[in-house]
Each structure stands twice: as structure tokens, then as C-alpha cells.
Amino acid sequence: MRVRDLAESLGGRVVGDGLRRIMRIADLEQAGKYEIAYVDNEKFFAAAAESKAWCLIVAEGVEDKFPDRTLIVVKNPKLAFARTWSTLSPSGYRKGEIHPTAVVAETADVAPSAYVGPYVYIGEGTSVGDYTQLESGVVLGANVTVGKHCVLHPNVVLYDAVSIGSFVILHAGVCLGADGFGYVRDDDGYYYKFPQVGTVVIEDDVEIGAHSCVDRAALGRTRIGRGTRLDNMVHVGHNCDIGERVVIAAQTGISGSVVIEDGAVIGGQVGFGDHTRVQKGAVIGSKAGILPGKIVRPGVWWGIPVQPLDQYKRMNAHMNRLPEMRERLRRLEAEIEELKKKI
Amino acid sequence: MRVRDLAESLGGRVVGDGLRRIMRIADLEQAGKYEIAYVDNEKFFAAAAESKAWCLIVAEGVEDKFPDRTLIVVKNPKLAFARTWSTLSPSGYRKGEIHPTAVVAETADVAPSAYVGPYVYIGEGTSVGDYTQLESGVVLGANVTVGKHCVLHPNVVLYDAVSIGSFVILHAGVCLGADGFGYVRDDDGYYYKFPQVGTVVIEDDVEIGAHSCVDRAALGRTRIGRGTRLDNMVHVGHNCDIGERVVIAAQTGISGSVVIEDGAVIGGQVGFGDHTRVQKGAVIGSKAGILPGKIVRPGVWWGIPVQPLDQYKRMNAHMNRLPEMRERLRRLEAEIEELKKKI
Amino acid sequence: MRVRDLAESLGGRVVGDGLRRIMRIADLEQAGKYEIAYVDNEKFFAAAAESKAWCLIVAEGVEDKFPDRTLIVVKNPKLAFARTWSTLSPSGYRKGEIHPTAVVAETADVAPSAYVGPYVYIGEGTSVGDYTQLESGVVLGANVTVGKHCVLHPNVVLYDAVSIGSFVILHAGVCLGADGFGYVRDDDGYYYKFPQVGTVVIEDDVEIGAHSCVDRAALGRTRIGRGTRLDNMVHVGHNCDIGERVVIAAQTGISGSVVIEDGAVIGGQVGFGDHTRVQKGAVIGSKAGILPGKIVRPGVWWGIPVQPLDQYKRMNAHMNRLPEMRERLRRLEAEIEELKKKI
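Those protein sequence lines, which keep their order, are chains Z, B and G.
So the first sequence is residues 143 to 485, counted in the working numbering.
So the second sequence is residues 143 to 485, counted in the working numbering.
So the third sequence is residues 143 to 485, counted in the working numbering.
Since the hints were derived computationally from the structure, they do not count as laboratory data.
All of these numbers come straight from a predicted model, not from anything done at the bench.
Hints may be right or wrong, so weigh each one.
Just so you know, same-sequence chains aren't split out, so a pair can sit in one copy or run between any two.
[To be verified] Dumping the calculated PhoX-like pairs for lysine-lysine here, alpha-carbon to alpha-carbon at most 20 Å:
hint, residue 1, residue 2
1, Lys220, Lys335
2, Lys217, Lys484
3, Lys422, Lys207
4, Lys185, Lys220
5, Lys436, Lys185
6, Lys335, Lys185
7, Lys290, Lys335
8, Lys335, Lys217
The following block holds chain Z by itself, in its conformation from the complex (with noise of 0.2 Å):
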């Protein structure tokens, strides 16, 4: 592809030679000829100026620190260099394909175009829609409804009846639909099992890391909004309901009955009590901790129990003060004792 025509793509502007060839994309250090970088923070300008990449895109205002280099100009050099990617290496689809180890359900129904890989397992009634990929080991089901162009990687686990939208990727051991962990206890101590006989529904363009787990709704349904990334081995509990655009870092545990509005930003090991609620606009901090059914306003929040993060942040000052403290305590009572002498 040429500078130009990738300038043109991302809405950026050339500086230097638009007729070069650019064929993939690489880091400062390694990019050499035909290849892209990117560069978006000063701290890099020195790293940049010495890569030999091919050509660099660089955000407006900085052209000038790369005289004779080749540039795309944009607004968001980051972004840009994630879309060329997209644009040069688009996901190479498998071929349309059910692999003759591979068990289909009579029932099932697979579009042609799907591919279906080695050792998969498709129960009654599930559906996989155009373009899908399911990877090695994956097992769907009965009555499991997979949308177009995903990507299901190897040993992927859907119980009956989950359903997931189109452009959704699972990585590999992702868990979706077991059992949420409900009990009720009777009088001698034993834990009865609490129906768990609820779906979970994943929408369109979510990614989940490998080896996360959503549970089923005991009734009704777990859900995952649109547009959503959960990161490896995060819990998500029996009727939650998350938002669209929301990310979940590694790790990070969702009780039952959590509602995550769209849009929330978590880091990982987060831990959340259940019926809990984080509203639109909020930040939570690795490692925090929310009680049950606390409501997490917008803002930044950090700490068990989870606090705004300016409150924590005093809280973490003044303790770091109490040796001082002690000190002028120490003090005072010494000056005390003087004082009542002297009267």
C-alpha cells in the first residue's frame, strides 16, 4: 500500500515521499524498510528520529522534530497505527470448512462459510453464524445461538442456550453459562442448589480474555453490552448485567446481580460485592474492593473498601503522618508535666 493511499484511509496527511510501499507495521527499534511506526509521546522523539522505519506516523504539530522523513500527520498517532494495521493485515478469515473430526448435531445449523476446526462439538438446535471461526476443542451446547465473523479460540466452552452477537472474539478456555453459585441453606447446614436455569447473552463486538468465566442467570439473564473488553481470567457472576464500551482488567471478580453501566473503566483484581451498581463515568483502581450493594458514582475510586481517590489518597497522607503524630504527642506531654511543675 502506498503513504498516500494509508494517509488517505486514516484521514492524515503526508509529509515526504507518498509513493513509498508500506507492507506491515513494527516497533522504532525493529522497523526497517516497507515498514510503519508510530510515535506519540515526546519521550520517543530521540528513539524515532534513529528508527529506520519506512515511514512514521506522528501526531500534527511534531512534523517538524523528523526533517527528512517520510510522515503521516495525525491526530491520534496511536489510534492511526492500530487502523493501519486493520487495513494491512485484514484478519484472515478461514475458509468456509467443518473439519471431518469435528460433530455436528443434525439439528445444528452452520453457515457455509463458517469454519468449524478439529475436535469441535455442536450441539441441537445451536446455530453458527457467516464467517465464524471455531477453533480447536470448542464445544457449543444445545440451543447455543453464535453470531457472524467470530472468533471462538481453542477449547472455548458455551453451555446450553448462551448466546452470543456477531464480531464477538472468545480467547482461549473462555467459560460461558455454567451454573451461577446459588445455594440456600437448609436447617441441618446443607447447601440445596438454587435453580440456575437463567441465559447469558453476549452482544455484538465484544472481546473476552482467555479463561474468563460468565455465569448463567439463575432467572433471566447475564449480559455483556456491546463493545465491552474483559481481560483474562475475570469472574463474572449469575445475573449481572454489564454495559456497553465497559473494560475489565485482568483477574477483577463480579459477584452475583452487579449491574456496570456503559462505559465504566475497572483495573484488575477488582473485587465487587453483589447487587452492586458503578454508574456511567466511573474509574475503579486495581485491587479495590466494593461492599455489596454500594452504588460507585462517576469519578475515580480506589481502596477496600473503595473510596474517591483524592479521599484516599489523604487517608493514605495522614497515616503515613502517625509516627510524627505519636511524636508531638510525646512532646506535648512532656511539656505538660513541665508546665504543671512550674504552676
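Based on the hints, put chains B and G in the right spot on chain Z.
Showing chains B and G alone in chain Z's frame:
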């Protein structure tokens, strides 16, 4: 099933039309004809009154809140509702079958009533009891024992010599019997593998959530007692002894040689140091951290390191008063200066 | 094996009957005829004295505690015991075989001495070294490199282009090379996928616990150094560089671009912000939290955010004295009032 028959099986009392037929459970909002719902909380009385459910399960003493309705009156509505589910939808065991794609070692002993799904592997000397279901991709190593009426969901892995009782449910991806994390450091800082040659014993009626891992003992055995429930992604280290009717929420991690006595309740994301002991009657809140060797006595515990809940709350209250304390210190210092001048 | 031969291989000294035969390792309580146990802690001297073990491995200087016993006297009994196990039970590599149900791409290169189990999938251009075992359900993508003498337990997944060295053990469900968690947010709040086109390199003699995940680099590589040990459910983000002989306990989460230098020891459930660096000689306690960009110097660290252990302990001691401090404040205030009246 008729309401009066259901009521009898639940040990409950009918109010209204005992001849009505009930076919399914449902929640208050979605329930309709032939469907039964429950209400055990005043918060939901209004919703229950408006529900179209064919029958409601309610607690003793609140019948008159629901005039003109068909009711089953019981002591514990939620438990009765769970039992109703078991009665109406007996978990439909699959018919005995060994799927043609399964690989079963010659010396394995699989009950004729057991279901062995696609791509299941069963190793030498392994036995599978009556009516047990092994879903797609389950791997049983050599000399494994699986009891009766178990359900092993897709991709469960049992290493060699692991033993599980009857009526055990293992959700997708559960891994039992991987090597414990035990090494001996030599003089060069190299971590030499300590023998991990013990086993894992899971007793009857245990349920383990998706992707949880229970490591084999170094020597001896790791045990999970009868009736215990583990949520998703729980880690149980080598040589642990988890008692009966214990409940452990998601993402909790248990180091080696920990003992948890019968009936303990453990929250999510809790971390246990090795050789700790949790006594009967102990309840540990989510995200708590327990130092190695600690004994956790009966009562409610919280925090890092773990402490009795009321002590934890007092500590928190003190911390919240730190700003006030510093202000009081400042004032005292000023007053002392004042007094000094006066004298 | 005779005691004297075993002692020689361990560099130890025999006390008692060097001609006795030893067949198995065991723990003190269960050991009997032909079995060898070890004791390295005074707490277990009584148990050792009563043990029926055919031979005991003990530390130098304590021989006389065990009169009339056959002993092997060494510097480090636990290490000698682990070595005894390796000597007595050389890990029985399975014979070279490609199971008839395995699917191996035509361009894959599998050593004749390698074992490829049932339902294994090996992609195009992938190579598997001598004596390596791939257990049931292992999935190797395209252009993967696996060295010699490795063991990949059931359902391990290696994405395309991942490379692992020799003598590597990956426990069930390990996932190497899933996409890192990297997105660029556009003006509409949409998370656009940043290219995740780097790889994962695992060096020789690494062991990784069940269900741990190591993400591929965005650009470049994620590395785990020689001799390093990861416990179960550890998350390693994109572009991390984990050194040699590092130990990381269960459920620890490591964000992107973290560097952990050789020989560091990391507890369980620790959380690392991105771009942190842990220096040689650092030990980080369980459940610690490390802020992004932090450098953790040699020494023992603990807490959230992480701090030197002694500082953490002092802080805890101060906090425990808060009630006392408030009492002292109250007393001072009263005394000042008293003094004011007097003057």
C-alpha cells in the same frame, strides 16, 4: 403436577386452588400460566401481588397479603422453590453411551449407564460409576475413580489417581490433581521439584465452579469434604484439607497444607497463607488475607491481615478520625504555647 | 537401589546398614519396608524416631538422635529427598507415538520420539522436539516451536508462533500467546484493538501451573526466563520480561511491560501495575499491590501500595495504637483545661 401434590412434597399448606397444574418455575415478573414463583422478602410483596404466577410460594404468616391467590405456605419459601425446581425438572441424565469418538483404555471400567461424550479420553485402570456424565473433551488420567451420578462438564481434567465420589458436579475446565507448587532451592538458587506424588480426594455431593484447580498432595492427599461448594477459579494448594459443607466464593486462593473445618464460609478473592487452620463456625469476608500458620477461630473475620469484624470496623472508624486527631493536636500545641507565654 | 549407592549419588554419608534396598519415597508416618523418608526440622524428630521408614535422610550433626537406624546424612535433607525421588522414579516418558486421533498438519515437524496424545492438534509449520509429550487435547497453533523433553498436560493451548524451550512443563489448561489487553480509545469511546502481533518465548526448564495465561506481546515478545516457576492461575500480560529462576505463586496478576529480574520471589494474589520493575533480590509478599512504573528494590516488600516489610510492620503497629493515641489526646485536652483554669 398439581399444587396440592407439590405442597405435600414440600411439607407446605395450600391456600386457594389445589387442583391447578404447575409445569415450570419462573421469577415473579415473568411468571404466567402454569408457572410458580416465590417471595420471601417484604420488598417484593408488591411485585408478588402483581405477578401473573399461577401459584406463589410464601412464608407462614403472610398469606393474607395475597388474597384471591393460589399459595403454598411454607417455612422457607426460597428453599421450597429450589426443591420445586428439582421436582419439576429432574436433572435429565443422558442415556448411557460411549460416543464413537471417545478413547477409552482397555483396562478402564465404565458403567453401562454412564454417558461418555465426544473426544473424551479415559486412561488405564480408571473407573466411571453409574449414570455419570462425561461431557465433551473431558480427560481422565490413569487409575482415576469417578463415582455415580456425577456430571463432569466439558474439558474437565483429572490427573492420574485422582478420586471423586458420587453426585459430584465439576464445571467446565476444572483441573484436579496437577502438581502442587513445591520446590527445594539448592545452593545455586535453582528450584528443584519436590515430589508431588500424593493425590486428590473429592467426597460425595461436592460442586466445583468453572476453572477451579485443586492440586495433588506432595505426599498423602488433598481433600474436599462432602457437600462442599467451590465457586469459579478457586485455587486449592497441595495437602489442603477442606471439610464438609464448606462454601468458598470465586477466585479465593488457598496455599498448601491449609485446614478448613466443616461448615466454614469463605468469601471471594480471599488469600490463605500455608498451614493456616479455619475452625468450625468461622466466616471470612471477601478479599481477606490470612497469614501463614494463623488459626481463625469461630466468628466473622475481615481485612488484611484478617481480624475480627468488629475490631476491623473499630480500626476503620479510628482511621477515619485521623484528620480530626491532627486538628486537635495542632490546637493543643497552640494552647500550650499560649500557656507557656502566660507563665 | 542400595542405601550406600543412593548416599553416594546424593553426596551423603551412610550410618547403619548400607546394603538395605530402597524402592520408594514416603512421608515419616506412612513409610515402611523399602521406603525412605526425610526429616529436616526438630519438630518432627519424635515422629522420625517412631517412623518405620527403612532409611532416614537427616542433616549433619543430628545422627545421634536416631540410634540404631539406617541413615543417610547430608547437608540439605529436603533437597536430598527430592533428588532421591528423581533417582528412584525417573519421569517415565511415554513412548514415541502419534495417536491415531491426533491431527497433525503436513508441514509440522514432530520428532519420532515425541508422544502426541488423543485429539491433539498441531498446526502448520510447528515443530515438536525429542521425547516431548503432548497429552490429550493439547492445541498447538501454526509456527509454534516446542523443545525437547517437555510435558504439555491436557488442554494446553499455544497460539501461533509461540516458542518454548526444552524441559518445560505446562500444566493442564495453560494458555500461551492469547492477545494482550491493549486498545486505543477513539473519540466515540470505542475501544479499537491495538495490534497484538508479537510473541511469547518460554526458555528452558520452566514450569507453569494449571490455567496460567501468558499473553503475546503487542510488538516484540513476552519472555519467561530459564528455570522460572509459575503456580496456578497466574496472569502475565503482554511484553513482560520475567527473568531466570523467578518464583511466582498462585493467582498473581502482572500487567503489561513489567520486568522481573532474575531470582525474585513473588507471593500469591499480588498485583503489578504496568511498567513496574522488580530488581534482583526482591521478595514480594502475598496480596501486595505495586503501582504502575514503580521500581521494587532488593529486600522484602509488602502491602498495598507495596512498601518495605519493616516499614509496613511499623505502620501496622502505629495503627494498632490509634485507640491509645486518641485516649492520650483526650487526657491532654483535659489537663490543658485544668491548667488554663489554674492560671
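To see whether the hints hold, each was checked on the structure:
Within a single copy, Lys220 and Lys335 get their C-alpha atoms only as close as 49 Å, which misses the 20 Å cut-off; across copies the closest is 11 Å, which meets it. For the identical chains of this complex, Lys217 and Lys484 are neighbours neither inside a copy (73 Å) nor across copies (68 Å), given an alpha-carbon limit of 20 Å. Neither within a single protomer nor between protomers do Lys422 and Lys207 lie at most 20 Å apart by alpha-carbon distance, with minima of 39 Å and 38 Å respectively. In this homomeric assembly, Lys185 and Lys220 come within 20 Å of each other (Cα to Cα) only inside a single copy, at 15 Å, whereas the closest approach across copies is 50 Å.
When the C-alpha separation of Lys436 and Lys185 is checked against a cutoff of 20 Å, the pair qualifies only between copies, where the shortest distance is 18 Å, while the shortest distance within a copy is 41 Å. In this assembly of identical chains, the alpha carbons of Lys335 and Lys185 never lie at most 20 Å apart, being 56 Å within a copy and 23 Å across copies at closest. In this assembly of identical chains, Lys290 and Lys335 lie within 20 Å of each other by CA distance solely across copies; the values are 18 Å between and 35 Å within a copy. In the homo-oligomer, the alpha carbons of Lys335 and Lys217 lie at most 20 Å apart only across protomers (18 Å), although the nearest pairing inside one protomer, at 55 Å, exceeds that limit.
Going down the numbered hints, you'll see the structure goes against 2, 3, 6, while the others check out.
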